[in-house]
Amino acid sequence: MAVDEHRAPRTTESDDARRLVKARRPGFGIGLLKGMAVTLKHLFKHNTVIQYPDEKQDLSSRTRGVIALKEENCTVCMLCARECPDWCIYIDSHKETLAPKREGGRPRKRNILDRFAIDYALCMYCGICVEVCPYDALFWSREFEYAEYDIRELTHEKEKLSDWMASVLPPPALEEGAEYPGSPTRAPEVADGAAAPVKPVQAEASDAAAGTPERRGAQAAPLGTGGRPADAGAPKEAKPDVGPVPGRQAEAAPAPEGAEPAAAEAPPVQEEEQQAAPSQEQAPGPEPTAEDHAGPGGRTETASPEVLGIQMGAEPASPSPRESTETASPEVLGIQMGAEPASPSPRESTETPSPEVLGIQMGGGPAPSPGAGEDAVGAPEEAETRTPQEGPDPEEVARLQETPGPNVEVPNEEPKPTALDPTEDPKEVYEAVLSDQLAKGSSPEVAEARAKVARVKAERGIARNPGVATKEDS
Amino acid sequence: MFDITLATWQILVIKIIVILTVVPVGALVGGYAEHKVMAHLQHRLGPMYPGGFHGWATTLADGIKFLYKEDIIPAAADRKVFSLAPAAIMVPIIMTYLVIPIDRALIVEDLDVGIFYLLAVGSLSTIGLLMAGWSSANKYALIGALRSAAQLIAYELPIVLAAVVVAMLAGSLSLIDIVETQNWPFAIWPPGIGFIAFLLFTVGAVAEMTRVPFDMPVAESEIITGPFTEYSGMRYIFAHMFAEMGHMVAFGGIGATLFLGGYQPIVPIPFLDFIPGVIWFSAKTMFMIFLFLWIRPTFPRVREDQLQKFAWKFLIPVGLALVLVTGAWVLYV
Numbered sequence: 001m002a003v004d005e006h007r008a009p010r011t012t013e014s015d016d017a018r019r020l021v022k023a024r025r026p027g028f029g030i031g032l033l034k035g036m037a038v039t040l041k042h043l044f045k046h047n048t049v050i051q052y053p054d055e056k057q058d059l060s061s062r063t064r065g066v067i068a069l070k071e072e073n074c075t076v077c078m079l080c081a082r083e084c085p086d087w088c089i090y091i092d093s094h095k096e097t098l099a100p101k102r103e104g105g106r107p108r109k110r111n112i113l114d115r116f117a118i119d120y121a122l123c124m125y126c127g128i129c130v131e132v133c134p135y136d137a138l139f140w141s142r143e144f145e146y147a148e149y150d151i152r153e154l155t156h157e158k159e160k161l162s163d164w165m166a167s168v169l170p171p172p173a174l175e176e177g178a179e180y181p182g183s184p185t186r187a188p189e190v191a192d193g194a195a196a197p198v199k200p201v202q203a204e205a206s207d208a209a210a211g212t213p214e215r216r217g218a219q220a221a222p223l224g225t226g227g228r229p230a231d232a233g234a235p236k237e238a239k240p241d242v243g244p245v246p247g248r249q250a251e252a253a254p255a256p257e258g259a260e261p262a263a264a265e266a267p268p269v270q271e272e273e274q275q276a277a278p279s280q281e282q283a284p285g286p287e288p289t290a291e292d293h294a295g296p297g298g299r300t301e302t303a304s305p306e307v308l309g310i311q312m313g314a315e316p317a318s319p320s321p322r323e324s325t326e327t328a329s330p331e332v333l334g335i336q337m338g339a340e341p342a343s344p345s346p347r348e349s350t351e352t353p354s355p356e357v358l359g360i361q362m363g364g365g366p367a368p369s370p371g372a373g374e375d376a377v378g379a380p381e382e383a384e385t386r387t388p389q390e391g392p393d394p395e396e397v398a399r400l401q402e403t404p405g406p407n408v409e410v411p412n413e414e415p416k417p418t419a420l421d422p423t424e425d426p427k428e429v430y431e432a433v434l435s436d437q438l439a440k441g442s443s444p445e446v447a448e449a450r451a452k453v454a455r456v457k458a459e460r461g462i463a464r465n466p467g468v469a470t471k472e473d474s
Numbered sequence: 001m002f003d004i005t006l007a008t009w010q011i012l013v014i015k016i017i018v019i020l021t022v023v024p025v026g027a028l029v030g031g032y033a034e035h036k037v038m039a040h041l042q043h044r045l046g047p048m049y050p051g052g053f054h055g056w057a058t059t060l061a062d063g064i065k066f067l068y069k070e071d072i073i074p075a076a077a078d079r080k081v082f083s084l085a086p087a088a089i090m091v092p093i094i095m096t097y098l099v100i101p102i103d104r105a106l107i108v109e110d111l112d113v114g115i116f117y118l119l120a121v122g123s124l125s126t127i128g129l130l131m132a133g134w135s136s137a138n139k140y141a142l143i144g145a146l147r148s149a150a151q152l153i154a155y156e157l158p159i160v161l162a163a164v165v166v167a168m169l170a171g172s173l174s175l176i177d178i179v180e181t182q183n184w185p186f187a188i189w190p191p192g193i194g195f196i197a198f199l200l201f202t203v204g205a206v207a208e209m210t211r212v213p214f215d216m217p218v219a220e221s222e223i224i225t226g227p228f229t230e231y232s233g234m235r236y237i238f239a240h241m242f243a244e245m246g247h248m249v250a251f252g253g254i255g256a257t258l259f260l261g262g263y264q265p266i267v268p269i270p271f272l273d274f275i276p277g278v279i280w281f282s283a284k285t286m287f288m289i290f291l292f293l294w295i296r297p298t299f300p301r302v303r304e305d306q307l308q309k310f311a312w313k314f315l316i317p318v319g320l321a322l323v324l325v326t327g328a329w330v331l332y333v
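Going down the list, the sequences are from chains A and B. For the record, in the first sequence the residue sitting at position 382 is 382 according to this note's numbering, with numbers rising by one throughout. For the record, in the second sequence the residue sitting at position 33 is 33 according to this note's numbering, with numbers rising by one throughout.
I should point out that these hints are in silico values taken from the structure, not numbers from a laboratory. A virtual CB, placed ideally from N, CA and C, is assigned to each residue, including glycine. Be careful, since some hints might not be right.
[What the hints assert, rightly or not] Distance condition first, Cα-Cα at most 30 Å in a straight line; then the derived DSSO-like pairs of lysine-lysine:
1. B:Lys313 / B:Lys139
2. A:Lys34 / B:Lys69
3. A:Lys56 / B:Lys313
4. B:Lys69 / B:Lys80
5. B:Lys65 / B:Lys139
6. A:Lys45 / A:Lys452
7. A:Lys109 / A:Lys34
8. A:Lys41 / A:Lys457
9. A:Lys41 / A:Lys440
10. A:Lys34 / B:Lys36
11. A:Lys70 / A:Lys158
12. B:Lys139 / B:Lys80
13. B:Lys313 / A:Lys34
14. A:Lys45 / A:Lys70
15. B:Lys36 / A:Lys41
16. A:Lys440 / A:Lys427
17. A:Lys45 / B:Lys80
18. A:Lys95 / A:Lys457
[Said to hold, decoys possible] To give an idea of the interface, some chain A residues facing chain B are shown, with a C-beta separation under 10 Å as derived from the structure:
19. Ser14
20. His42
21. Phe44
22. Thr48
23. Asp54
24. Gly127
25. Ile128
26. Val130
27. Val132
28. Pro426
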């Protein structure tokens, strides 16, 4: 063994030596000539030098030049600032209370970004903030000429960061055959989850906490517009007599809207609905509901977010024709929906409903008396005073009817703020912002982009200075 | 040809003016060529802005900048020697231009011992380098000066031997005569002998100029700029920049004269005679300069001991053997 060990390195040594000798064999000076040939070759090669200040390189789309901020997308969640290894992101914000979406609704809170600054003297361009931003507010820009004469000036504020958005490229196209990111991949599971509990709910009908439509809506669409979890706030806002109605609608609504209107035509269900809760979906216009059921008028407004959310969430889940036929009997339907027993709402709105019924309808709350309705935001009197005139808000109805059927993307949309300053004309806003931005020295592209954003906001009814519009801190 | 008769001193003045014009211009053009050729050999562009067109005024601007710079003499320096050293380096280089024939009649002084004069003057700048290195009172300068001295002496010999070969082949020391005997350039004919002599000369010339790969005396990564470490401003360009560039152009001219047929056409075809000798000479000089520039970005620096070994153990024996062979050729062929 010792001999072998001894021999092994020797052979390699001699191999190396042989290789070396072989490499040297070509002759003295050949290597020098080869070297000369290499440099000479480069003399005649096309020169690819880019003379920087005069010419600019077409940088790769992945270039980590600078971090740009899309201000509109920022929700001041602070994730970027917290994840930043250098702590070089500075965010200031304040909360604003916006008017409720509709009369009797809950006042909304919104974070307003006051300051967003990145200290590029500290930033190490790791890109974690860009990665971590859940709302696509931070992007890599290919811009790289932002040197300053003073290190303190390297802390760029949100105005400059937003200017850089203009240089952010659109995201690259998806690869061939790639899964479209917005496709509802979880829809089948949702359907199972929503359709399966039919029996359990039946069984636990007495259990107030189970199977409320709000719960279900939350299950199906956790981020849904109106389908927020069954917190006590939502039902309380609604008038007590009205509570069940959205629940009913939640399950019944998909029938006319999402699928064929089979459910609506099914005699028992239709009867129920006509009688108890004339849903907005069924009503072609506001007139019949408003006239026939003055009481639930307020309901249509306050309940609609929940209706919308549940409807969105549960829609793909509830094959309505089947349900309507299967659950023809009112009791079954009622238990299943968790709201049906309360359905004769116009009548019951004046009477105190039985505790069990209300328990179910409130989604777990203790049986509320009409008094519960009084301390709710939308007081009964108020609702009654205006219901005859307003009925279901025509806009609301239109919106609901417009709402795309099987598309599950909608619940992910941010809550649309209500119009704060509807007097603003989008065109005027556009012109104003454009001239303002140009006066401030923004590049024409950026100015135009901002003006467009402002116009879109105006079209959606968001005031340009929401802080001024309604700042009623609770 | 011309009916103008000039007094000796007038002729002398004109010659001095010509030389004092040619050398700096040559140095500037050589410097620019170095910038650009090296850049392109390395796939770069080199200077592009000074002067507008491809940075033609780069070296001029550099020179003017250096003239404006402060002339610093270290406190510990030997002031007189320190001040004189650049002149001691520069003057021998200027003097080499005196005997290089640009054309049959375009020569400052056709010395009978032209080649001997060249070699003698060429070794003078060693003294200037030693003066600079010693007087600077700087260890880097001293090391650089000693390296320079050792290197210039070592590489003087291959040049001398190559020149001896040329003189033997031409049978004269006069550069005009040497050019006239080259119907075929010596680098081509006699076969082998002339070419090896040419290579000896080229290697020796590169080492004499202390250019890469033989730039140990000014190896900036080890000893800053060697003997010129303490120099600044005008003295620096005269001692280093102008000297190196002037040296390069001079060696280009000498190489063209000794081995490439000087102002004669490159091949003895009567048809080519219509091209003036000045152009032939310039073209050959430029080729030599290009050769020097081409070597620089190609090879890495040679270590000091390798450098000495290469001269004493390889180039000089080869040169001596070549002299023997040349003698045989001259005698028997």
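We went through each hint and held it up to the structure:
| no. | hint | result |
| --- | --- | --- |
| 1 | B:Lys313 / B:Lys139 | holds (29 Å) |
| 2 | A:Lys34 / B:Lys69 | violated (42 Å) |
| 3 | A:Lys56 / B:Lys313 | violated (53 Å) |
| 4 | B:Lys69 / B:Lys80 | holds (20 Å) |
| 5 | B:Lys65 / B:Lys139 | holds (28 Å) |
| 6 | A:Lys45 / A:Lys452 | violated (49 Å) |
| 7 | A:Lys109 / A:Lys34 | violated (74 Å) |
| 8 | A:Lys41 / A:Lys457 | violated (61 Å) |
| 9 | A:Lys41 / A:Lys440 | violated (53 Å) |
| 10 | A:Lys34 / B:Lys36 | holds (22 Å) |
| 11 | A:Lys70 / A:Lys158 | holds (9 Å) |
| 12 | B:Lys139 / B:Lys80 | holds (19 Å) |
| 13 | B:Lys313 / A:Lys34 | holds (24 Å) |
| 14 | A:Lys45 / A:Lys70 | violated (44 Å) |
| 15 | B:Lys36 / A:Lys41 | holds (15 Å) |
| 16 | A:Lys440 / A:Lys427 | holds (20 Å) |
| 17 | A:Lys45 / B:Lys80 | violated (50 Å) |
| 18 | A:Lys95 / A:Lys457 | holds (19 Å) |
| 19 | Ser14 | violated (26 Å) |
| 20 | His42 | holds (5 Å) |
| 21 | Phe44 | holds (9 Å) |
| 22 | Thr48 | holds (8 Å) |
| 23 | Asp54 | holds (9 Å) |
| 24 | Gly127 | violated (32 Å) |
| 25 | Ile128 | violated (37 Å) |
| 26 | Val130 | violated (35 Å) |
| 27 | Val132 | violated (41 Å) |
| 28 | Pro426 | violated (51 Å) |
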